[in-house]
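Heads up: the sequence shown at position 60 corresponds to 60 in my numbering, and the numbers run straight through without jumps.
Hints listed in this document are in silico derivations from the structure and should not be mistaken for laboratory results. Treat the numbers as computed from the prediction; the structure is a model and nothing was measured. Each hint should be verified, as a subset may be incorrect.
Each pair of labels, with its calculated beta carbon distance range [stated by the list, open to error]: (1) Arg40 - Lys60: 29 to 35 Å; (2) Lys58 - Asn35: 57 to 63 Å; (3) Lys55 - Lys75: 44 to 50 Å; (4) Lys82 - Lys51: 44 to 50 Å; (5) Lys99 - Glu77: 39 to 45 Å; (6) Lys84 - Glu106: 49 to 55 Å; (7) Lys45 - Glu77: 27 to 33 Å.
Every residue, glycine too, gets a C-beta built ideally from N, C-alpha and C.
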Amino acid sequence: MEPAGEGLRIETREMGKNAMKRKKEFSKSGLINRNRKKKREKKKKEKKKKKKKKKKKKKKKKKKKKKRKRKMMKKEEEEKKKKKKRKNNNNNKNVDVEKKNELREEELGMKKGDNKERRE
1 MEPAGEGLRI
11 ETREMGKNAM
21 KRKKEFSKSG
31 LINRNRKKKR
41 EKKKKEKKKK
51 KKKKKKKKKK
61 KKKKKKKRKR
71 KMMKKEEEEK
81 KKKKKRKNNN
91 NNKNVDVEKK
101 NELREEELGM
111 KKGDNKERRE
């Protein structure tokens, strides 16, 4: 015959084993879920990072475009100024030439239109 309480001990041990099995299964599924969650979080983070990087790149591109545009505008402005200056200089030269011609014509005692008639 078995000693008193021996059968009870075996039963509890088996129950304990079953409980451990259940615990193991549970923890295993929990582990799987945890891993899935981690993966999901990681993916989310990477996506966010990518998006941020893309946004930064876009911003940089926009900034570059703006800078280029500003540069072009400045260049065009400079060009306009130079053109205007050139035009003014030419006009001034023309005025000077006309004045000189008038002075010469006055010295020679001719009228304003006489010089043109001579050329023809």
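Hint-by-hint comparison with the structure:
1. Arg40 - Lys60: 29 to 35 Å: Given a distance of about 30 Å, which is inside 29 to 35 Å, the answer is holds.
2. Lys58 - Asn35: 57 to 63 Å: Between Lys58 and Asn35, where Cβ atoms are some 34 Å apart, the hint is violated.
3. Lys55 - Lys75: 44 to 50 Å: 30 Å, violated
4. Lys82 - Lys51: 44 to 50 Å: 46 Å, holds
5. Lys99 - Glu77: 39 to 45 Å: Violated - the Cβ-Cβ distance for Lys99 and Glu77, about 32 Å, lies outside 39 to 45 Å.
6. Lys84 - Glu106: 49 to 55 Å: Given about 32 Å between the Cβ atoms, the range is violated.
7. Lys45 - Glu77: 27 to 33 Å: Distance hint for Lys45, Glu77 is violated at roughly 47 Å.
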